[in-house]
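Trainee: Residue strings, one per chain:
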Amino acid sequence: MTIPPVPYAIAPENAATVSAEEQQFNDLIAADSRIEPRDWMPDGYRKTLIRQISQHAHSEIIGMQPEGNWITRAPSLKRKAILLAKVQDEAGHGLYLYSAAQTLGVSRDLMTDQLIAGKARYSSIFNYPSPTWADMGSIGWLVDGAAICNQVPLCRASYGPYGRAMVRICKEESFHQRQGFEILLELMNGTPAQREMAQDSVNRWYWPALQMFGPPDDDSPNSAQSMAWNIKRFSNDDLRQRFVGMLVPQAEVLGVTLPDPDLRWNEEKGAYDMGEIDWTEFHEVLAGRGPANARRLQRRRDAHNEGQWVREAAAAYAAKQAVKAVA
Amino acid sequence: MDHGQAPVATEPDAHGHVDVDTVQLSAELVEAASVASHDVAEYALWLGDDSLVLAQHLGWWISRAPELEEDIALGNIALDLIGHARSLLHYAGAESGRTEDDLAYWRDEPQWRSAHLFEQPNGDFAHTIARQFIAAHYLFELYSALMESTDATLAAIAAKAVKEVDYHRDHSIQWVLRLAQGTDESRRRMITGLSDLWPFVDELFVDEPLIDRLEGVAVRPSSLRATVEAAMIPVLAEAELEVPRGFISSGGGRRGDHSENLGPLLAELQVLARAHPGAKW
Numbered sequence: 001m002t003i004p005p006v007p008y009a010i011a012p013e014n015a016a017t018v019s020a021e022e023q024q025f026n027d028l029i030a031a032d033s034r035i036e037p038r039d040w041m042p043d044g045y046r047k048t049l050i051r052q053i054s055q056h057a058h059s060e061i062i063g064m065q066p067e068g069n070w071i072t073r074a075p076s077l078k079r080k081a082i083l084l085a086k087v088q089d090e091a092g093h094g095l096y097l098y099s100a101a102q103t104l105g106v107s108r109d110l111m112t113d114q115l116i117a118g119k120a121r122y123s124s125i126f127n128y129p130s131p132t133w134a135d136m137g138s139i140g141w142l143v144d145g146a147a148i149c150n151q152v153p154l155c156r157a158s159y160g161p162y163g164r165a166m167v168r169i170c171k172e173e174s175f176h177q178r179q180g181f182e183i184l185l186e187l188m189n190g191t192p193a194q195r196e197m198a199q200d201s202v203n204r205w206y207w208p209a210l211q212m213f214g215p216p217d218d219d220s221p222n223s224a225q226s227m228a229w230n231i232k233r234f235s236n237d238d239l240r241q242r243f244v245g246m247l248v249p250q251a252e253v254l255g256v257t258l259p260d261p262d263l264r265w266n267e268e269k270g271a272y273d274m275g276e277i278d279w280t281e282f283h284e285v286l287a288g289r290g291p292a293n294a295r296r297l298q299r300r301r302d303a304h305n306e307g308q309w310v311r312e313a314a315a316a317y318a319a320k321q322a323v324k325a326v327a
Numbered sequence: 001m002d003h004g005q006a007p008v009a010t011e012p013d014a015h016g017h018v019d020v021d022t023v024q025l026s027a028e029l030v031e032a033a034s035v036a037s038h039d040v041a042e043y044a045l046w047l048g049d050d051s052l053v054l055a056q057h058l059g060w061w062i063s064r065a066p067e068l069e070e071d072i073a074l075g076n077i078a079l080d081l082i083g084h085a086r087s088l089l090h091y092a093g094a095e096s097g098r099t100e101d102d103l104a105y106w107r108d109e110p111q112w113r114s115a116h117l118f119e120q121p122n123g124d125f126a127h128t129i130a131r132q133f134i135a136a137h138y139l140f141e142l143y144s145a146l147m148e149s150t151d152a153t154l155a156a157i158a159a160k161a162v163k164e165v166d167y168h169r170d171h172s173i174q175w176v177l178r179l180a181q182g183t184d185e186s187r188r189r190m191i192t193g194l195s196d197l198w199p200f201v202d203e204l205f206v207d208e209p210l211i212d213r214l215e216g217v218a219v220r221p222s223s224l225r226a227t228v229e230a231a232m233i234p235v236l237a238e239a240e241l242e243v244p245r246g247f248i249s250s251g252g253g254r255r256g257d258h259s260e261n262l263g264p265l266l267a268e269l270q271v272l273a274r275a276h277p278g279a280k281w
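Residue numbers (UniProt numbering), protein chains in the order written: chain A, 1 to 327; chain B, 1 to 281.
Source of the hints: derived by calculation from the structure; they are not laboratory data.
One should not assume that every hint holds.
[Unchecked claim] Cβ-to-Cβ under 7 Å is the rule here; a few derived chain B residues that face chain A:
(1) A78
(2) T227
(3) A231
(4) V235
(5) A273
[Stated by the list, open to error] Covered by chain A, according to a simulated footprint, are these stretches of chain B (three or more residues, beta-carbon under 8 Å):
(6) 80-92
(7) 95-109
[Unchecked claim] Below are the BS3-like pairs computed for lysine-lysine, each with C-alpha atoms no more than 30 Å apart in a straight line:
(8) A:K47 with A:K171
(9) B:K163 with A:K269
(10) A:K320 with A:K269
(11) B:K160 with A:K78
Every residue, glycine too, gets a C-beta built ideally from N, C-alpha and C.
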């Protein structure tokens with residue numbers, strides 16, 4: 001892979017005024033090295049990372065719900081075990097990511113409070129419902145597939161704890177995508193009702209999965225700065241294009257139709273042309289008016305509130321033990 | 001401070017590649033070297049049903065636990081129990097040519113063999129912990145003894161399960177102590193949880209006629225009572241909890257007489273599989 005050139009670390013006209021620590025930061029970015037928690041970093045860099053990492057952590061936690069919905073009803077014990085393991089991985093990813101965000105000086109309690117107060121964002125994809133078993137396949141194949149395209153470049157993100165967390169997360173995500181593909185393959189090789197269930201699910205998840213890459217490049221306000229800081233490595237549209245290029249042959253293996261009548265190979269550009277994405281829907285869901293926004297947040301809030309007495313008990317017990325240890 | 005070069009990432013396209021192979025949980029399945037006799041198969045059902053019913057309850061907690069660490073811990077325990085259930089049901093079914101899924105999804109309530117303790121609802125976190133505390137102590141002593149079974153398959157399943165159940169036992173003990181000695185509210189809830197679950201302890205130690213026919217193969221339930229209680233009582237003492245007294249459930253799960261909780265649990269477990277008879281997943 002060719003590493004894209006670093007566009008600019010500092011504007012030349014400001015070069016004379018940068019402090020030694022800022023210069024060191026700029027040099028590290030220019031050399032494509034890691035920034036570590038104790039290093040000096042610009043406020044904007046810190047804020048951008050806190051926003052991105054905490055949103056990512058929240059997405060993992062909220063993302064447990066659409067799949068958690070099917071653990072008790074999984075149609076075979078093997079599928080039940082795999083699904084349980086997958087949802088548990090997501091809780092683990094949430095934990096790593098909250099830990100990575102904590103290294104930037106924000107507490108997990110604060111991030112949790114922001115989430116349950118509805119003040120923090122998470123990936124809008126999880127505001128879609130999972131009414132059928134085939135959705136376990138589509139979430140793995142399309143949603144985790146899109147997540148992998150987004151996340152693999154993040155393994156090289158300039159902030160060390162984030163990049164390292166992403167290495168581990170990506171390994172598990174590729175297993176998740178594979179199991180999703182396998183669920184759909186089994187359904188497509190099954191009865192007419194199973195095939196119909198699979199196609200219906202792909203129809204519902206395809207467009208929301210494409211929206212996961214974010215708005216088009218000309219409408220993505222934070223992208224340029226994130227790319228300059230080596231947090232983001234590829235543009236939204238580039239990643240979306242790669243993803244579609246990856247999906248088409250896989251859809252052929254599955255025998256499912258991707259629900260875009262305008263999807264066709266463009267010989268000239270060496271990539272697929274695709275239909276218009278409905279960004280109105282994207283902004284509606286982002287604004288909290290998606291099919292399951294309220295339900296997802298309410299579940300998180302209920303778990304938090306109903307668990308309050310348990311967390312208080314654990315804290316009180318730990319404090320009593322600490323006193324005993326001193327005595 | 002180490003500012004080493006960022007690791008070279010794998011090409012995104014490479015990660016998008018999907019291998020169409022089968023995800024096997026082979027480590028979770030002990031391949032039965034022999035086919036169980038009818039009685040041994042029935043005994044394997046007792047054990048397998050207990051684990052599967054408990055796992056089904058615990059799986060509900062994922063995304064609802066009091067903290068993320070508990071989502072993971074309860075999920076882990078459920079996953080271990082599903083593994084035990086799969087091994088046991090696989091073995092139980094071989095005798096009649098049925099798969100683990102035939103047994104899990106296509107038996108009606110009277111054909112299940114779970115004890116009532118395992119069927120009890122999650123309740124609040126203290127109820128779940130009280131159920132875990134009793135269940136894990138029982139299962140630990142059971143599998144410890146079953147490792148000596150003359151049935152090689154049961155002995156092998158027990159040897160694997162006992163290590164995992166030991167962890168479940170430790171998890172439950174830590175929470176019993178925290179809840180009993182945490183706050184007034186947690187103590188009140190722990191006492192309620194324990195007294196609601198304790199009536200179902202007795203059934204675990206009842207010797208059904210089947211046991212007489214499986215000398216050396218099965219573990220005689222009544223023989224476990226002393227060791228299970230000897231392990232639980234010191235923990236309750238440390239937690240300053242009294243052993244509950246009073247109502248004792250008559251049980252009957254091993255004969256197919258179940259609590260009211262099993263029906264709805266099975267309805268949820270089986271609903272999708274039964275909507276598509278003959279389908280593969």
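Trainee: K163 of chain B and K269 of chain A were given as a pair; does the straight-line alpha-carbon distance stay at or below 30 Å?
Mentor: The hint is violated at about 58 Å.
Trainee: Please work out if K320 of chain A and K269 of chain A have their alpha carbons no farther apart than 30 Å.
Mentor: 68 Å, violated
Trainee: If you take the shortest Cβ to Cβ gap from T227 of chain B to chain A, is it below 7 Å?
Mentor: It is violated, given that the least Cβ distance between T227 of chain B and chain A is near 28 Å, above 7 Å.
Trainee: Just to make sure I understand the rule, a stretch counts as covered if three or more of its residues have a C-beta closer than 8 Å to a C-beta of the chain. Does the segment 95-109 of chain B meet that for chain A?
Mentor: The restraint on the segment 95-109 of chain B holds, since 4 of its residues have a Cβ under 8 Å from chain A and three suffice.
Trainee: With 7 Å as the cut and Cβ atoms as the points, is A78 of chain B at the interface with chain A?
Mentor: 6 Å, holds
Trainee: Is K160 of chain B close enough to K78 of chain A, meaning Cα to Cα at most 30 Å?
Mentor: Holds, because 18 Å separates the two Cα atoms, which is no more than 30 Å.
Trainee: Going by Cβ atoms only, is A231 of chain B closer than 7 Å to chain A?
Mentor: Hint on A231 of chain B: violated, closest Cβ of chain A at ~21 Å, above 7 Å.
Trainee: Taking 8 Å as the Cβ threshold, is the statement that the segment 80-92 of chain B is covered by chain A upheld or broken by the three-residue rule?
Mentor: Since 5 is at least three, the answer is holds.
Trainee: Would you settle whether the hint for V235 of chain B is holds or violated, based on the nearest Cβ-Cβ distance to chain A being less than 7 Å?
Mentor: Constraint on V235 of chain B not satisfied, violated at 14 Å.
Trainee: Would you mind confirming whether the straight-line C-alpha gap from K47 of chain A to K171 of chain A stays at or under 30 Å?
Mentor: 27 Å, holds
Trainee: Closer than 7 Å between Cβ atoms is the bar; does A273 of chain B clear it against chain A? Give me holds or violated.
Mentor: Holds, because the Cβ-Cβ distance from A273 of chain B to chain A comes to roughly 5 Å (cut-off 7 Å).
Violated hints for the displayed structure, listed by number in ascending order: 2, 3, 4, 9, 10.
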